[in-house]
Every structure is written in C-alpha cells, then in structure tokens.
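Number of protein chains: 6
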Amino acid sequence: MSLPILLTVALLLTSSAYASVNDFCVADLQQPDTPSGYPCKKATSLTEKDFVYSGLGVAGNTSNIISAAVTPAFVAQFPAVNGLGISLARLDLAVAGVIPMHTHPGASEVLVVIQGTICAGFISSANTVYFKTLFKGDIMVFPQGLLHFQINSGDDPALAFVSFSSANPGLQILDYALFGNELPTELVTKTTFLDAAVVKKLKSVLGGSG
Amino acid sequence: MSLPILLTVALLLTSSAYASVNDFCVADLQQPDTPSGYPCKKATSLTEKDFVYSGLGVAGNTSNIISAAVTPAFVAQFPAVNGLGISLARLDLAVAGVIPMHTHPGASEVLVVIQGTICAGFISSANTVYFKTLFKGDIMVFPQGLLHFQINSGDDPALAFVSFSSANPGLQILDYALFGNELPTELVTKTTFLDAAVVKKLKSVLGGSG
Amino acid sequence: MSLPILLTVALLLTSSAYASVNDFCVADLQQPDTPSGYPCKKATSLTEKDFVYSGLGVAGNTSNIISAAVTPAFVAQFPAVNGLGISLARLDLAVAGVIPMHTHPGASEVLVVIQGTICAGFISSANTVYFKTLFKGDIMVFPQGLLHFQINSGDDPALAFVSFSSANPGLQILDYALFGNELPTELVTKTTFLDAAVVKKLKSVLGGSG
Amino acid sequence: MSLPILLTVALLLTSSAYASVNDFCVADLQQPDTPSGYPCKKATSLTEKDFVYSGLGVAGNTSNIISAAVTPAFVAQFPAVNGLGISLARLDLAVAGVIPMHTHPGASEVLVVIQGTICAGFISSANTVYFKTLFKGDIMVFPQGLLHFQINSGDDPALAFVSFSSANPGLQILDYALFGNELPTELVTKTTFLDAAVVKKLKSVLGGSG
Amino acid sequence: MSLPILLTVALLLTSSAYASVNDFCVADLQQPDTPSGYPCKKATSLTEKDFVYSGLGVAGNTSNIISAAVTPAFVAQFPAVNGLGISLARLDLAVAGVIPMHTHPGASEVLVVIQGTICAGFISSANTVYFKTLFKGDIMVFPQGLLHFQINSGDDPALAFVSFSSANPGLQILDYALFGNELPTELVTKTTFLDAAVVKKLKSVLGGSG
Amino acid sequence: MSLPILLTVALLLTSSAYASVNDFCVADLQQPDTPSGYPCKKATSLTEKDFVYSGLGVAGNTSNIISAAVTPAFVAQFPAVNGLGISLARLDLAVAGVIPMHTHPGASEVLVVIQGTICAGFISSANTVYFKTLFKGDIMVFPQGLLHFQINSGDDPALAFVSFSSANPGLQILDYALFGNELPTELVTKTTFLDAAVVKKLKSVLGGSG
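From first to last, the protein sequence lines are chains G, Z, Y, D, A and P.
Residue numbering for the first sequence follows UniProt numbering, beginning at 1 and increasing consecutively.
Residue numbering for the second sequence follows UniProt numbering, beginning at 1 and increasing consecutively.
Residue numbering for the third sequence follows UniProt numbering, beginning at 1 and increasing consecutively.
Residue numbering for the fourth sequence follows UniProt numbering, beginning at 1 and increasing consecutively.
Residue numbering for the fifth sequence follows UniProt numbering, beginning at 1 and increasing consecutively.
Residue numbering for the sixth sequence follows UniProt numbering, beginning at 1 and increasing consecutively.
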C-alpha cells in the first residue's frame with residue numbers, strides 16, 4: 001500500500017474520531033457539577049489509571065457504632081463513572097454489624113454477597129416488607145428511593161458489593177437524618193410520633209443538636 | 001376551492017395524523033403497568049373528560065391521627081398524566097395537622113400554599129436541614145427521594161397543592177414503613193437504634209405486627 | 001457511648017455525605033446553561049431561602065390586551081428547580097381574560113383552578129379538540145408541545161396554578177410568534193393562509209415589523 | 001476442535017444471547033402503545049425486511065392546496081424505529097409548494113436538502129425568528145416543539161429528507177389545528193385575535209366546523 | 001387510640017399506597033417486552049423471593065474454548081431488575097481464560113475483581129486503548145458500547161462481578177458476530193479486510209456458515 | 001390600541017420569554033463538554049447561520065483504502081444539534097466502496113439512499129444477521145451499538161445520508177480499533193482468535209503498532 005493512501009486513511013480516522021471523543025466523560029471535580037454530572041476532563045489528558053479505582057480493595061473500618069462501613073466508589077471518589085449511570089460501593093459488616101435503615105434518593109441498588117451471611121430487606125411504597133437472608137453469591141435488588149437495610153446475620157464478618165443505577169446515588173441514613181443534625185426536637189416529634197425523650201437521647205448519641 | 005383538492009388535503013391530514021396520535025397516552029388501568037407507565041387507551045375512545053379530574057376539589061377528611069389528608073391525583077386516580085412526567089396532590093391540614101416525615105421515591109415535589117401557614121422542610125443527603133415557614137402563595141421545592149414534612153404552623157386550616165415530577169411519585173411515610181407493617185420489632189430496633197418498647201408502642205398505634 | 005466511637009460515626013457520615021451532596025442542583029444563573037440545566041451552586045452556600053420562592057404570591061398585572069398574566073417560577077426565577085424536571089406558574093385572568101393559544105415546547109402542563117371558572121382546551125396531533133369548563137379544584141392536563149388556551153368564562157376574576165414537567169418549559173404564544181417579531185409578512189401569509197392585510201393589522205397591534 | 005467443546009460454546013452463546021435479544025423492539029402495532037412505544041414483535045419472527053422501508057422512495061402527491069407533501073416513516077409506517085428515538089420523513093415541494101407553519105410536539109428535526117432550494121425557518125420561545133434559504137446539501141435544525149415552516153423558494157421542485165429525535169414526533173399543522181376541526185369560532189377568535197370572518201373563511205377552506 | 005381513628009389511618013394509608021405500588025416493576029416475562037422493559041407482575045403476587053437471585057452463586061462452566069464463562073443476571077434471568085437501569089453478571093476465568101473482545105450495545109459496565117488477576121481493557125471512539133492489570137478489589141469502568149475484553153493474567157482462576165447500567169445490556173461477542181453465524185464470507189472479508197481463508201477457518205471453529 | 005397597553009404587552013412577552021430562551025442550546029465548543037452536552041452559547045449571540053450547516057453538501061474524498069468517506073455533522077461540526085438528540089452524516093461510496101464493520105456506541109442510525117445501490121446490514125446481540133440490498137429512497141435502521149456495514153453493491157457511486165439518535169453518536173470502526181492503534185498484538189490475538197501474523201499484517205496496513 002502506498003503512503004499517500006495510508007495518510008488518507010489516517011485522516012479519515014482522525015476527523016471521524018474528533019467528533020466522537022465523548023463516549024465517556026471523566027469528571028473534572030474542580031468544576032461545578034451540573035444536573036447531568038460534572039464537566040469532562042480533556043480526553044487527551046486521560047490514561048488507563050483514570051478508569052480504574054483501587055479504593056474498594058481495602059476493608060472499611062468497622063470499629064464504630066454500627067460495626068459496619070460503607071466505602072463508596074461514587075463519582076466523587078471514582079470520576080470515571082460520571083455520566084455513565086452506574087457506581088459501586090463496598091459494604092463491610094463485622095459480626096453483628098448493621099447498615100441502618102437508609103435510602104438512596106437517586107438510584108436503585110443491587111447487592112452481591114461475597115462473604116458471610118446478610119439479612120437484607122426493604123419496604124415498598126405499598127408498605128409491604130420484603131426481607132431475606134442472603135448467602136454467598138446471592139444478589140438482591142433494592143428499588144430506587146425505598147427504605148432498606150443490611151444486617152450481618154451470621155457468625156463471621158460479611159462482605160458485599162453494591163451497584164447503583166447512578167454515578168451519584170446519594171445516601172440518606174434515617175437515624176442521622178432525624179437525630180444527627182440541627183432539626184429541632186419539636187419538629188422531629190411532630191413528624192415521627194416519637195417522644196421528645198427518645199429523640200433527645202438519640203440526638204445525644206448521633207451528634208444532633210436542637 | 002374545488003372539492004377534489006379539499007379531499008386531498010383531508011387525506012394528507014389524516015395520514016399524517018395517524019402517525020402522531022400518541023402525543024399523550026391516557027392510562028388503561030385494566031392492563032398491566034410497564035416501567036414507562038400503563039398502556040394507552042385508544043385515542044378514539046377519549047373525550048375531554050379524560051383530561052380533567054375533579055377529585056381534588058373536595059377537602060380531604062382530616063379527622064384522623066395526623067389531622068391531615070393527602071388526596072392524590074396520580075396516574076391511578078387521573079389516568080391522563082400517564083407517561084407525562086407530572087402529577088398533583090392536594091394537602092389539607094387542619095389546625096395542628098401534620099404530614100409526617102416521608103419520601104417520594106420517584107419524584108421531586110413543589111408545594112404551593114393556597115391558604116394558611118405551613119412549616120415545611122427536608123433533609124439533604126449531606127444531612128443538612130432546610131425548613132421554613134411558608135405563607136399563602138409561597139412555593140417550596142423538595143428534591144427527589146429526600147425525607148420531608150409539612151406542618152400546619154398557623155391558627156387556621158391550611159391548604160396546599162403539591163406537584164410531582166412523575167405520574168407515579170410513590171409515597172413512603174416513615175412511621176408506617178417502620179411501624180405499620182409486619183417488619184419484626186427486632187429488625188426495626190437493629191436498624192433504627194430505637195428501643196423495642198418504643199417500637200412496640202408505635203406498632204400498636206399504627207397497626208403493625210411482629 | 002464513648003467519644004472515640006462518636007467521632008468515628010461522624011467520620012462515616014461525612015465521607016458518605018460528601019459523595020452525595022448533589023441530590024439537588026440549585027442553578028448558578030451566572031454560568032452558561034447546559035442541555036441538562038445550569039451548573040450547580042455550591043451546596044455549602046445554600047440556605048432554606050434557596051428552596052422557597054414568594055414571587056407567585058402576588059397577582060400578576062392583568063391591565064393589558066389579554067386581561068391576563070402569566071407569572072412564571074421557572075428556573076430563571078426559581079433556581080432551585082434546576083434539573084428537577086418540574087416548575088410552576090401562576091395564571092391570573094381578569095374578567096374576560098384570555099391566555100391566548102400557545103405551546104410549551106418542552107413540557108406537559110397540569111392546571112389547577114384555585115378561584116373562578118376557566119374554559120380550557122387543547123388540540124391534539126390527530127387534530128381533535130378537547131375543551132371543558134373548569135371549576136374551583138378541577139385539574140386539567142395539557143400534553144407536551146400541543147396548542148392550548150385558557151379563558152376566564154365566569155363573571156369574576158380567576159386564578160390558577162400550572163405545573164410543568166420541566167424546569168424550563170418554554171412558552172410560545174402563537175400570536176406573538178406570528179405577528180410580534182420581524183418575520184416578513186410574505187412568509188406569514190404563505191405559511192398560514194392568512195391575508196396580508198390581516199397579518200399587517202395584527203403585526204401593528206402586537207409590535208411586529210416586516 | 002472436538003464436538004463437545006463446540007457445543008459448549010454454542011450453549012454459552014445461546015444463553016447469553018437469550019438475555020439480550022432486545023437491542024431493538026420492532027413495534028407490534030396490533031397491541032396498545034405505551035409511553036415508551038409499542039410492545040415488541042418476537043425477535044424470532046423478524047427478517048431483514050422488518051428493518052427496511054421503501055415508502056420514502058416515491059414522491060408524495062403534491063396536487064393539493066399546499067403543493068407539497070409530507071411522507072412519514074414514523075413508527076406507524078416503519079415499526080422498526082420503535083423505541084430507538086429516531087424517525088424520518090420525506091418532503092416534496094412542487095414549485096411554490098409550502099409546508100405550512102407547524103410543530104412536532106415531541107421531537108427536534110434536522111432537514112437535508114436533496115434537490116432544489118428551500119426557505120426554512122423557525123421561531124424561538126424568545127420570539128426570535130431564524131430563517132434562511134437552503135441549497136442542495138445544506139442541513140438545518142428545528143429545535144423541539146417550535147413553530148417552523150419550509151417553502152420552495154426556487155424555480156424547480158424541491159426534495160428534502162427530515163430526521164426526528166423520536167420514533168413518533170407528532171405533527172401539528174397550525175392551520176388545521178385552528179381551522180380544520182370543530183373548535184368553535186368564538187374560541188378561535190378569543191385565543192388568536194383573528195376576526196370571526198377570517199376564521200370562518202379558513203374553516204370553510206380547511207374543513208372545520210363550529 | 002380509639003378504633004374509628006385507627007381505621008381512618010388505615011384508609012389513608014391504603015388509598016395513598018394504591019397510587020404508588022409501582023416503585024418497582026418485576027418483569028412478567030410471559031408478556032411481550034416494550035422499549036422500557038417488560039410489563040409488571042402484579043405487586044400482590046410478589047414475595048421477597050422475587051427480589052433475590054441465587055444464580056450467580058455457582059461458578060460458570062469454563063471447560064470451553066475460551067476457558068471462561070459469563071453468567072448473566074439480566075432481566076431474563078432476574079426479572080426484578082426490570083425497569084431499574086441496572087443488572088449484574090458473574091465472570092469466571094480459568095487459568096488463561098479470556099472473555100473475548102465484545103461490546104454491550106446498551107450499557108456501561110463496572111467490573112470488580114473478587115479473586116485472581118485480570119488484564120482488562122477497552123478501545124475508545126477516538127481509537128485510544130486503555131488496558132490495565134487489575135488485582136483483587138480493583139474496579140474498572142467500560143463505557144457504553146465500546147469494544148472491551150478481560151483476560152486472566154494470573155496463575156490462578158479469577159472471579160469478577162460486573163454491573164451494568166441497564167436491565168438488559170446486550171452482549172455482542174465480536175468473533176461470534178463475525179464468524180459464528182450465516183454472514184457470507186464475502187461480506188466479512190469486504191468489511192473487515194480479513195482474508196477469506198482466515199474467515200473460513202474461524203467460521204469452522206465458531207459454527208458459522210456461508 | 002393605545003400605547004400604554006402595547007407596552008404592557010411587550011413587557012409580558014419579554015418577561016415570559018426570558019424564562020424560556022433555552023429551547024435550544026447551541027454548543028460553545030470552547031468550554032468543556034458535560035454528560036448532557038456542551039454548555040450553550042448565549043442565545044443573543046446567535047443568528048440563523050448557527051442553525052444551518054453546509055458541510056454535507058460536498059462529496060467526501062473517496063480516494064482511500066475503503067473507496068468511501070463518512071462526513072459527519074455531529075455536535076463537533078454542527079454545534080446546533082447539541083442536546084437535541086439528533087445528528088447527521090453523509091456517506092459517499094465510490095464503486096466498490098465500503099464503510100467497514102463499525103458501531104456507534106451511543107446512537108441508533110437510520111440510512112436513506114439518495115443515489116446508487118447499497119448492501120447494508122447489521123448483526124444483533126442474538127447473533128442474527130440482517131442484511132439487504134437498498135435502492136434509491138430505501139431507508140434502513142441500525143439499532144444502537146450493533147456492528148453494521150454498508151457496501152456499494154452497484155456499478156455507480158452511491159450516496160446516502162444517515163441520521164443518528166444522538167448529537168454525538170461516536171464511531172468505532174472495527175479494524176481501526178483492533179489494528180490501528182497500540183493495542184499489543186498478543187492482546188489482539190488472545191481476544192479475537194486471529195493469528196499473530198494476520199494481526200501484524202493488518203497493523204502494518206492500518207497504522208497500528210505493538
């Protein structure tokens with residue numbers, strides 16, 4: 001093949017490619033977010049390292065009140081998922097560990113048990129409860145925005161990975177939302193039917209004021 | 001204008017129109033739902049009545065434990081919103097009435113106060129609390145999936161209309177989700193830090209078992 | 001509970017929360033828009049006031065040619081709806097007031113009558129007309145992009161709120177689009193079958209040239 | 001390669017393929033539509049003919065009031081585009097032919113001139129007019145839901161293809177919407193500022209009543 | 001609390017819940033698919049078992065030409081993910097196992113290594129290659145629709161879970177697409193620059209004809 | 001009509017219009033892209049020229065290895081399609097010209113034959129091949145992300161326009177992806193079953209290294 005033709009081919013490729021560099025959009029976290037995600041880093045500045053994240057390879061610290069840890073690989077930790085509608089997190093549950101009742105306002109979740117035994121469940125809008133004991137290899141889905149929980153129901157530490165249908169699923173832990181901020185006790189009692197004494201006790205445990 | 005030409009025009013119109021009857025899709029609730037909404041009723045069977053709903057014209061019954069009522073015009077009540085990404089509801093709050101802490105798993109909400117004074121608020125994923133007293137004509141937004149509440153903070157009954165960014169926003173009232181179903185007390189206590197006694201008391205009030 | 005554990009809890013919360021601050025994206029209107037909406041203001045700069053808008057609490061000025069006023073709470077007026085797929089507007093119709101034939105290119109609409117009597121309608125792609133007299137509390141849906149109108153058909157002023165399935169629904173008022181700009185009369189006549197005299201007269205009323 | 005291994009390969013393929021047959025969803029027009037499109041025909045019943053349509057190969061009949069014809073390849077004519085967010089149409093404009101002022105409620109459009117000279121334009125929500133004379137090979141975009149038109153501005157017949165960002169873009173021709181149905185003259189005059197005489201004349205031309 | 005009031009509460013709950021049962025849509029695979037997914041099973045027929053799948057708990061059979069197996073939990077295997085924009089699969093790679101060059105036409109993918117060492121990579125539209133050796137706990141993203149591969153690059157079997165941003169991501173394995181069907185050899189050679197002899201040899205291995 | 005009233009009308013128009021200028025978002029290519037597209041140019045800086053593109057009016061240079069040319073009008077060339085979910089390209093196929101096997105990772109495609117005879121086809125996820133000879137005026141759909149090709153199967157040059165369901169559909173030409181970059185020969189052979197000699201030969205033709 002003669003050189004001139006080869007050059008033409010390269011040209012065709014270059015010009016076509018120029019129009020389509022954005023089949024991904026690695027987040028530039030230094031710029032403000034938008035409703036669809038962060039602005040993209042220049043494709044020419046990216047290497048394979050941008051598409052790999054090692055932060056889920058280390059167990060989270062479970063020496064805390066819930067004997068559990070959630071280690072996220074959302075867009076803030078793993079900018080490559082920006083705009084792709086997917087992200088991951090790692091759940092470590094020590095013996096008796098609990099991921100307390102919580103929601104992800106912007107995503108559905110699928111959990112896969114890697115190790116141990118986990119009792120997991122969610123409550124639907126129709127107020128039906130679905131919970132089940134999951135063993136190694138089992139997967140369970142938690143539809144978007146619904147209250148759900150995971151409990152280590154075995155005798156050994158448990159490990160799971162959870163996938164989300166959003167690069168930024170959000171996380172609203174019920175107890176922190178109710179008792180871990182400055183929401184006035186009076187508003188908590190009025191909107192939850194809990195007694196002021198109960199609210200104040202939990203506020204003191206979870207760092208809330210008011 | 002001669003008749004033949006007029007007929008041609010009519011034909012053009014008919015054939016074009018045939019391809020575009022579905023700028024709406026009034027739900028046929030007798031068929032199974034899909035992820036995008038219900039199958040459509042035949043356009044030819046529809047009249048103006050299908051696009052109008054009068055169910056929000058009547059105050060909800062507030063003689064209940066929360067002195068409040070939510071009257072929805074979601075797709076189940078108002079099939080015309082099917083697939084259009086919008087729906088409405090009416091909030092009636094008697095004096096001291098409360099719409100308890102709740103979420104809409106699949107929609108953001110905007111509230112407009114028609115009458116009275118309402119203290120409304122929500123808690124973000126970052127655990128920040130935003131609440132404010134709203135007066136007649138004020139509007140407030142509650143982003144998708146976040147815990148929020150509305151309280152009549154005035155001396156008279158209050159009325160508000162709320163709009164949702166979905167034809168089927170869902171509604172998960174926190175207390176009913178925790179205490180109004182068969183979720184075992186042990187799971188509630190483990191996932192909320194509440195005492196069993198507190199849980200059992202609220203279960204008895206809200207109709208829960210287990 | 002000992003302090004060290006409490007600190008761990010706070011840490012868990014902080015790091016999780018950091019990844020999920022964007023369950024909302026209040027528009028920074030000083031930056032250029034994107035197809036999904038405006039870039040977000042920093043969450044830390046927001047207060048409850050950012051989520052509340054009082055501009056719909058005041059009646060629009062109906063002393064005009066249509067005896068009516070549309071007061072929008074779109075993203076440009078109420079930045080908190082940015083990216084949430086919802087917005088509101090207030091319609092004031094004096095006696096005999098008319099919101100003339102118009103479309104919202106990017107949103108469906110639901111109207112709720114707060115006061116008075118309104119005759120409202122739309123025309124479908126299949127060229128069917130749906131119109132009906134609406135009374136207090138009635139709601140009506142206008143599917144995306146279709147020509148529709150609202151007329152005060154009662155003896156008193158009317159008030160309605162309209163909700164849209166977009167933060168930026170757009171508004172194209174037919175008469176202004178045809179007669180209120182520099183679209184040449186010749187193009188208007190050719191594309192509407194209206195006589196030049198009719199076009200010119202309306203151009204003079206509505207401020208058009210050409 | 002031994003047969004057993006080949007069979008295993010086939011099996012792998014079959015089972016994987018089974019989960020992914022729906023990268024397309026050719027419409028079964030015999031079933032009711034849904035908000036996302038029609039139910040799919042069984043993939044096993046499809047042949048290459050399902051993905052090809054020849055209806056745009058023939059010029060539309062332009063012997064009509066507008067000296068023009070729109071031949072759609074929307075989902076109703078070409079079921080293969082169902083759910084794919086794209087469709088086509090053919091525009092034939094005889095000398096002096098006009099596609100009158102119209103909107104597509106659910107899609108943006110791009111036009112490419114194949115033959116002849118076309119003056120095309122649209123009016124934005126900000127009431128700015130954009131129109132230009134297009135020659136062979138020129139393309140022009142008409143954003144979703146906005147009023148637009150195409151006129152043969154040359155001395156020969158013109159041909160164009162238009163693409164839409166929806167399988168079912170809809171088509172609302174202004175004059176038919178206003179004057180070609182049973183919308184009462186009184187409502188037309190009130191909502192358009194046109195005189196009753198003008199309205200009645202156009203109703204008689206375009207087949208409207210009322 | 002008196003019984004009448006309790007009943008009212010129950011009623012409020014029931015009617016609200018009725019409008020919001022569809023925060024999930026477990027697929028009824030007996031009905032035809034739609035562009036947004038399968039019609040939903042009745043919520044009342046569901047139990048916790050519908051939301052859990054155990055099929056990924058068993059290693060796939062890697063005694064095949066690629067020494068690897070893909071075990072999907074797409075909507076066809078796990079109907080609960082229908083409409084939720086997420087699904088999973090399990091990758092088993094024996095020593096020297098390879099998931100050959102392939103694409104998922106409708107989804108981005110994130111892989112997490114559970115065991116072993118995997119060399120994985122993809123090629124962008126700009127024709128840049130990104131590949132990297134992944135160790136236990138590493139995650140890597142493969143943007144939608146791009147050619148990618150995974151190879152066991154260690155001395156032991158490898159296990160990974162992959163998540164997709166769709167309930168039905170599709171799977172197009174390059175070699176099967178080119179050589180494992182009835183695509184005529186002449187068309188393969190013309191469109192790939194491969195010699196007919198190469199094509200025929202691979203067709204014989206992969207079961208293709210023509 | 002008196003002047004004061006006219007001014008009021010203008011005011012109404014201005015304020016309404018202000019909230020709705022973004023029914024389009026012409027790309028400002030000088031700013032970084034986002035997952036939903038580029039930031040918008042100021043609407044006030046736009047003219048009709050921004051919505052028209054003439055680059056497809058000229059035949060592409062087919063004096064190259066494939067005797068064919070793809071001339072895109074994607075967002076990079078035609079910024080007006082930004083965010084509108086549509087774009088175009090022109091295909092020129094000299095006699096015996098071939099658009100080799102390729103995918104568009106982010107879009108479905110519809111092709112319309114303007115001139116000549118084209119054999120076009122695609123392979124589904126279920127590994128079924130669909131191909132057909134297309135004549136002038138025929139259209140064919142290629143669902144998102146699937147391998148497809150176009151071959152001039154006539155005796156004269158062929159011309160086609162292709163439309164995409166995205167402003168930035170991407171383009172991954174199989175041979176360039178495999179043989180036109182630095183992907184190591186060893187990885188290509190392992191993931192495609194091709195011999196190293198075949199790979200190296202094609203790498204030399206297509207400019208690849210490694």
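Calculated from the structure, these hints are not laboratory results.
A portion of the hints provided could be inaccurate.
What the hints assert, rightly or not - In silico DSS-like pairs for lysine-lysine, Cα to Cα no more than 27 Å straight-line: (1) Lys132/G to Lys200/Z; (2) Lys201/P to Lys200/A; (3) Lys201/P to Lys49/D.
Do the hints match the structure? See the list:
1. The straight-line distance between the Cα atoms of Lys132/G and Lys200/Z is roughly 22 Å, inside the 27 Å bound, and the hint therefore holds.
2. Between Lys201/P and Lys200/A, the direct Cα distance comes to roughly 18 Å. Compliance with the 27 Å bound is thereby established for this hinted pair.
3. For the suggested pair Lys201/P and Lys49/D, the alpha carbons sit about 37 Å apart, so the restraint of at most 27 Å is broken.
The structure shown violates just one earlier hint, number 3.
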